[in-house]
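Chains as they are written, first to last, in the working numbering: chain A, 1 to 444; chain B, 1 to 194; chain C, 1 to 322; chain D, 1 to 207; chain E, 1 to 270.
In case anyone wonders, no lab produced these hints; they're calculated from the structure. There's no promise every hint is true.
Unchecked claim - Simulated restraints on C-beta separations:
#1 C:R24 <-> A:D105: 55 to 61 Å
#2 D:G122 <-> B:D2: 57 to 63 Å
#3 E:F237 <-> C:R25: 57 to 63 Å
#4 E:G47 <-> D:P63: 26 to 32 Å
Unchecked claim - Far from chain E, by Cβ distances over 12 Å, these chain A residues were calculated:
#5 I46
#6 N50
#7 A82
#8 E131
#9 A140
#10 E179
#11 E182
#12 I228
#13 P252
#14 S253
#15 I302
Where a beta carbon is used, it is the ideal one built from N, C-alpha and C, also for glycine.
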Amino acid sequence: MRYKTFPQGIHLRYHKQATAGKPTVTAKAPAVAVVPLIQHIGVPCIPQINVGDHVFMGQKIGDAEALITAPIHSPISGKVMALEARPHVMRRDVLSVVIENDGEDELYPDIMPYPDWERLDPDTLRNIIREGGIVGMGGAAFPTHIKLAPQSDKSIDAVLINGAECEDYLTDDNCLMVEHPEWVIGGARIISHILGNVKIVVGIEANKPDALAAIRQAAGEGDDISVIALDTKYPQGGEKQMVKALLDREVPSGGLPSEVGVVVNNVATVAKIFELITTGMPLISRGVTLSGPGVSAPGNLIARIGTSMEDLISECGGYKGKIAKVIMGGPMTGISVFTTLVTLTKSIGGVVVMRHEDICHEDPVVCIRCARCVDACPVYLMPISLYHYSRSLNYDQAVEAYGLFDCIECGCCSYVCPGRLPLMESIKHAKAEINNKRQKQHGR
Amino acid sequence: MDIREIMIVIISAVLINNYVLQRFLGCCPYLGVSKQLETALGMGMAVTFVMAIASAFTWIVQHYILLPLDLIFLQTIAFILVIAALVQFVELVIRKSSPTLYQALGIYLPLITTNCAVLGVAVINIRAGYGFLPSLVNGTAAAIGFTLAIILMAGIRERIELSDVPPALRGVPIALITAGLLSLAFFGFAGMVK
Amino acid sequence: MADPLSRELIVSSAPHVRGRDNIRRMMYDVAIALIPAGIAAVYFFGLRSLLIVLITVASALGAEALIQRAMGRRVTITDGSALVTAVLLAYNLPPTVPLWLPFIGASIAIGLGKMVYGGLGYNPFNPALISRTILLAAWPVLMTSWVVPFDAVATATPLAVIKMGDNLQAVKDLLHVDSNLSLYRQMFWGNHGGCLGETSIPALLLGGVYLMYRRVITWHIPITYVSTVAVTALLLGRDPIFHLLAGGLILGALYMATCPVTTPVTPRGRIYFGLGAGLLTMLIRAFGSLPEGIMYSILLMNAATPLLDRYTRPRIYGKGAR
Amino acid sequence: MRPIEDFSNGLFRENPTFRLILGMCPALAVTTAAINGLGMGLATTFVLVCSNTIISLLRKVIPEDIRIPAYIVVISSFVTVVQLVMQGFAPELYGILGIFVPLIVVNCIILARAEAFAGKYGVVRSAADGLGMGLGFTWALTLLGAVREVIGTGSLSNTYRLFLIPQFSLKIIRGFYDPALITILAPGAFITLGLMIGLMNLLTKHR
Amino acid sequence: MSSNIILSVAVLAALGFILGAGLAYAARAFAITRDPRIDAVLAELPGANCGACGYPGCSGYAEALVIGSALITGCPVSRKEASERIADIIGQEERMNINSDKLISVVKCCGNNNTSARIFNYSGLEDCRAATRFYDGPKKCRHGCLGMGTCISVCPFNAITMSPLKLPVIDRDRCAGCGLCVDACPRQVMVMMPERSGIQVLCNSGEAAKAARQVCSKSCIKCHKCANICPAEAIFFDNGPAKINFDLCTNCGLCVQECPVKCIYETNRG
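Let the hints inform the model, and build the full structure from the sequences given.
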């Protein structure tokens with residue numbers, strides 16, 4: 001059977017069997033939660049509490065006025081011990097709220113479900129989602145209420161639910177779909193309702209037959225939801241690749257999926273929306289896969305935001321071997337952190353621990369122009385040319401003729417390169433340098 | 001003169017006896033302006049333009065001035081004068097009409113004067129005893145051959161720019177070696193026209 | 001548990017995993033794929049062909065080590081690229097060459113074909129073919145002395161014969177067969193005069209299938225190359241099957257026109273490369289004074305490769321057509 | 001002392017072929033044999049010395065705007081002289097050098113020296129410069145021709161005749177050496193010159 | 001024979017006349033004007049095309065100067081005399097501003113691989129700007145030099161080399177003072193200082209003594225010993241490491257002796 005997919009891309013080694021079949025375990029709430037005030041793309045939150053305050057579980061502790069932002073809630077109940085810079089996934093330190101757990105998990109009294117959501121208008125629902133602090137949990141961390149409010153001139157005709165989970169090791173989405181398919185379908189219906197009852201398409205890679213079956217069953221017989229099996233190929237879960245595979249539409253260069261009438265959401269986000277609407281609970285915990293050869297007992301956890309990696313890894317039996325890298329997210333696009341003191345944020349769906357012997361230590365050799373990067377690139381760029389232009393600082397050429405900014409940073413090029421060249425790294429570097437230069441010019 | 005003959009002249013001038021690669025005419029601009037594809041193309045077009053006109057003009061000078069007046073020994077002087085004037089004319093026109101092209105070609109436009117391919121093709125036309133039309137065709141074809149050789153070269157040199165050529169060979173030496181290998185590849189066309 | 005901050009983790013850019021293939025593996029795959037043709041060469045032309053291959057390989061490795069040492073660079077002769085170049089060059093030599101010729105040829109291939117441009121990955125032309133064309137231009141007689149398989153009797157290649165006579169009968173006489181079918185069969189198996197490694201088509205195809213299976217080469221160039229030759233032959237009124245089987249077409253199409261360094265990186269570019277090479281091959285075979293056009297056509301397309309790359313850039317996702 | 005410096009300058013430090021990369025066409029085209037390179041070099045030297053002298057003499061008279069055409073006229077007159085002389089006295093060489101004799105006119109060395117040197121300095125210095133450049137060009141061409149000829153044919157066919165060297169020749173190596181024809185063909189010209197310039201770069205760098 | 005000569009001359013003269021007339025006409029018909037001062041200014045500029053002036057190369061700057069849209073002081077590389085000659089050419093009355101001091105760049109960090117602690121093991125592009133994007137770079141000190149040579153790669157004058165312990169070394173003779181390395185450095189650890197001055201505090205860290213000592217043994221600990229001993233009172237502190245007022249500094253070198261962590265150097269002594 002031929003599954004739907006997008007052109008090009010690569011096949012990975014997956015390594016999902018270590019965690020795929022295991023039931024999800026709820027992790028211990030941390031003794032001290034360190035909640036960074038940057039957990040999404042957009043304007044950072046401003047603390048809404050003071051040191052010494054008592055906070056409830058689910059109480060808003062950070063928010064900002066700006067449009068593109070999402071509030072942050074306390075994952076536990078307890079006392080605010082400090083407001084200080086702490087290690088963060090993205091930066092060396094970020095202003096964080098440090099809360100000492102009182103072990104009570106006292107729920108914030110204002111929290112309540114919205115059983116009659118079908119009668120609420122889209123704006124109200126979007127506001128509920130905003131107040132629930134929902135952001136894209138597939139890694140992008142883009143505030144979801146913005147995504148669900150496409151510009152008025154774009155008519156949306158489909159909402160895509162992204163259950164591809166195409167990265168190595170990660171299985172938290174898979175477990176979610178197997179264990180709580182009704183959350184996913186329920187959440188999808190809420191989104192569809194917000195967008196004007198558009199059709200729902202769920203895309204799941206064919207290497208997750210259990211998830212496919214569960215979601216298909218939960219979706220029922222109605223024709224408003226179609227569940228489609230996708231070819232197991234990386235980066236199937238990329239937004240643009242998803243749109244191409246499921247609907248055969250191409251998101252315009254530099255544009256958003258809404259420009260071709262589509263809104264794409266990750267299954268974890270969708271399930272969280274369902275949870276929020278049906279229980280009122282904001283985003284204070286999430287499913288996370290702990291896997292990789294450096295973890296003793298890999299598994300899927302439901303963990304509170306603000307739990308340190310150190311705690312999560314001990315929950316899974318601690319380390320195994322000499323640890324070299326701790327990666328937030330999957331190994332293809334994840335971030336290797338500089339310390340395990342960083343804490344869980346809303347968009348981290350996996351922690352992969354690598355030992356020294358698991359990473360590629362080969363030095364970059366040379367380009368033999370084998371064209372594998374060109375054949376692999378899911379947005380049809382020529383990574384090798386971009387690499388050369390980046391190295392020779394010929395950025396203009398790279399941007400204009402070779403589409404530097406169309407790169408989705410999936411890492412396929414670096415993965416396949418037999419010369420072990422840092423292709424994607426150079427492309428990212430060139431992008432950052434150009435943005436830097438542009439900012440400087442604006443400054444002048 | 002029939003089509004076949006013209007085709008022979010063209011194939012011969014472009015491929016088999018390529019003016020740069022087999023006859024060594026126009027090597028200075030060939031080595032100088034082949035660093036970038038855009039400029040190489042510009043140079044090729046400028047040369048094509050000049051060579052076509054020069055072939056025609058020199059033929060006229062030869063057959064209507066020098067031959068009737070029995071002044072063949074003045075050929076070199078007369079031809080080079082005509083060509084120098086033509087080049088200067090082209091330079092003026094390009095400078096006015098396309099400043100970017102002018103900037104790109106830079107000092108090489110005046111160098112077309114000393115592009116021996118231009119004078120060379122004029123002299124060859126006379127020596128081969130071509131009539132007016134074959135002269136014109138030969139001049140144009142030779143220039144197209146030059147353009148072909150220079151854009152192939154420019155493509156390769158842009159790639160060489162990114163490579164790790166030993167320092168002693170950087171620049172002209174590696175360009176010469178590449179030209180040699182290109183010339184070797186053009187051997188394949190040998191004997192295509194008998 | 002130790003202080004997490006005292007543990008120096010590795011921080012690097014994604015992706016944190018890499019594919020299995022590396023350059024060395026690809027090169028040795030090509031070398032492995034070339035083994036059947038080598039066995040065929042020994043079978044048809046005797047142990048001397050093995051000697052030629054060995055000399056070429058030894059000289060190529062020696063030359064590369066020497067030049068890299070002289071240039072003050074790391075010696076990388078174990079990466080397999082010099083080995084592949086040398087074997088390809090050896091397969092492109094007649095079985096009768098004096099034994100100093102492979103030595104010179106290998107030095108030229110490595111020195112002039114590769115190292116002057118900075119080594120592996122930078123050479124614009126296929127080094128083995130550069131070397132062969134130089135050898136052919138330098139010692140035309142030595143490079144065109146062919147022998148009958150299993151025998152030291154001098155002979156001509158089918159292509160050279162057809163160049164003179166323009167009909168298959170002459171080739172049939174040459175190979176002592178009477179029907180077209182047995183001619184094809186004999187040419188397919190490689191029982192005729194020619195370069196060491198180019199005659200035995202099944203051996204070459206075996207290696208080619210292996211390379212495709214290992215994804216070292218893609219179908220683009222070999223398929224377009226071979227089919228363009230067939231179609232052009234048909235259009236020119238020649239026997240397409242003969243031209244597919246004769247000369248170094250299969251060796252060239254599978255192993256030399258697929259040399260990644262000197263061919264386009266874009267899919268469309270590779271197709272144009274095959275088309276161009278096929279067309280040029282047949283034009284040279286039909287109209288040129290040389291009997292064989294494989295090496296020149298590939299070299300000419302090598303020269304056009306930067307232009308092909310530039311003008312056949314793939315359409316970027318989301319640009320242009322929906 | 002100045003003229004001597006000007007003279008030696010062209011021989012080595014600013015050798016037109018190896019350092020200034022001028023006059024590539026004849027350097028490539030006629031150097032199939034040492035003797036041809038020598039002939040071409042001497043012819044060019046003659047034109048160079050004469051044109052440098054005349055242009056230096058006239059440098060104050062020639063108006064700035066039309067100096068290039070004026071130079072060309074001067075140069076081409078001397079080329080015509082060379083052409084006629086060679087035709088009369090060395091028809092064999094004239095035949096071999098072919099169209100590259102009239103093409104001395106467009107040899108960049110000559111115009112470049114006229115523009116860069118003769119148009120600015122006095123007669124003696126200009127003549128010395130012309131001679132140095134010319135002889136620098138000559139030895140470069142002769143060397144290139146010799147290398148190509150020895151490798152390509154295994155001998156120096158005509159040179160010994162010219163210098164009255166007995167024909168000890170390179171016949172000795174004939175038995176061992178199969179000449180590599182390639183170097184006297186077009187690709188060989190490019191490659192040999194390229195490698196020689198590279199070699200010169202290497203030598204001068206280490207000096 | 002003589003008729004032949006006359007004929008030759010006549011023919012050539014006629015040819016010359018016709019071509020000359022044609023060109024003269026063309027010259028007028030296709031005439032363009034270019035301010036000759038541009039070339040004159042260009043001749044005075046250094047010609048390194050380093051781009052430090054913000055224009056595309058020296059020719060772009062020359063044009064801007066002649067049009068009047070750029071200041072003479074825009075070129076940091078030009079020496080005083082050259083700038084004055086340019087002022088003469090374009091008639092700009094701005095000599096007051098012409099910088100009389102040649103500036104050169106200096107790396108304000110002496111924390112090499114042995115003295116400065118690492119916080120993680122960076123494995124990526126050898127480029128300070130790229131490395132800074134990962135948690136502000138692998139050095140614990142957030143102000144110090146990362147030693148990956150981005151300044152070397154942007155220097156148009158090849159004036160910077162890397163020491164074995166991974167600190168850039170500036171060749172004072174080659175440095176033209178264009179300031180490109182200052183712009184390129186993601187750590188702001190490169191600064192310009194007058195060439196005549198020799199003493200510089202090679203630390204960029206404003207951290208308090210304890211924090212600074214934890215990350216680098218060469219870090220300025222703000223002990224004020226240097227300021228106290230300086231006879232010219234040229235050393236001062238403003239919320240950061242010791243700073244030197246080059247107008248007052250006499251290059252006496254007492255502070256170099258006095259500094260307990262040895263982060264003050266006589267930079268012109270290598």
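Here is what the structure says about each hint:
| no. | hint | verdict |
| --- | --- | --- |
| 1 | C:R24 <-> A:D105: 55 to 61 Å | holds, 57 Å |
| 2 | D:G122 <-> B:D2: 57 to 63 Å | holds, 60 Å |
| 3 | E:F237 <-> C:R25: 57 to 63 Å | holds, 60 Å |
| 4 | E:G47 <-> D:P63: 26 to 32 Å | holds, 29 Å |
| 5 | I46 | holds, 23 Å |
| 6 | N50 | holds, 26 Å |
| 7 | A82 | holds, 17 Å |
| 8 | E131 | holds, 32 Å |
| 9 | A140 | holds, 18 Å |
| 10 | E179 | holds, 35 Å |
| 11 | E182 | holds, 41 Å |
| 12 | I228 | holds, 37 Å |
| 13 | P252 | holds, 28 Å |
| 14 | S253 | holds, 24 Å |
| 15 | I302 | holds, 28 Å |
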